[in-house]
Amino acid sequence: MSSSDPTVQPVPASVVERVDAADVTLSNPKRAVISIGSNLGNRLEILQGAIDALEDTPGLRVKAVSPVYETEPWGVDPGTQPSYFNAVVLVKTTLPPDSLLERGHAIEEAFERVRERRWGARTLDVDIVTYQDVVSDDPGLTLPHPRAHERAFVLVPWYDVDPEAEVPGRGPVVELLAEIGSAGVEPRTDLELRLPE
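Just so you know, the sequence shown maps onto residues 3 to 199 in the numbering used here.
Just so you know, the hints here were simulated from the structure itself, not pulled from any lab data.
Just so you know, these numbers come straight off a predicted model, no measurement behind them.
Treat each hint with caution, since some may be false.
[As the list claims (entries may be wrong)] Derived pair list, reagent style BS3-like, types lysine-lysine, alpha-carbon separation capped at 27 angstroms:
no., residue 1, residue 2
1, K94, K65
2, K32, K65
3, K94, K32
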């Protein structure tokens with residue numbers, strides 16, 4: 003095939019961007035940020051299972067997965083629970099926020115999440131951190147997540163996958179991190195979560 007063949011012209015970057023933005027499998031998708039964590043069982047395997055389950059959700063595509071971080075449990079006495087593995091997942095979805103929340107709960111239940119007490123140990127935690135730029139104080143689903151801006155275990159991995167990110171109504175992630183610091187959020191460079199194919 004000669005190089006003058008018009009069918010092998012490079013595709014302009016602007017066209018690639020438009021095609022990606024349209025994402026042929028989704029019509030007018032919204033961006034959402036999801037935090038996942040586990041401190042029971044095979045933590046890495048459970049987080050990967052959650053990512054795969056999100057990708058298997060109709061009307062949802064996983065666009066980015068953060069590195070894994072290990073953190074001490076939040077809101078409990080030191081040494082009373084195993085440490086967490088945490089990560090952040092960026093998705094595009096046509097699901098409305100309440101349906102996305104239902105799907106998150108269904109994924110938690112599939113991994114035998116038990117809700118016995120607040121801040122109890124758990125096989126899997128799936129939290130919607132933000133949904134587009136929506137700000138809502140609906141008691142069923144507060145957006146953005148009411149404590150995300152003060153949790154380094156959410157902000158550190160989120161910054162990794164989206165350095166320009168902002169928490170609606172709270173400000174840029176980079177500034178929030180500068181305020182609270184990242185103490186206790188340890189990178190696990192020996193572990194990796196895969197982006198679904």
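Going through the hints against the structure:
With a CA separation close to 7 angstroms, the supplied pair K94 and K65 stays within the 27 angstroms bound. The suggested pairing of K32 with K65 holds, with an alpha-carbon distance near 12 angstroms, which does not exceed 27 angstroms. Only pairs whose Cα atoms come within 27 angstroms are accepted, and K94 paired with K32 is accepted, the gap being roughly 5 angstroms.
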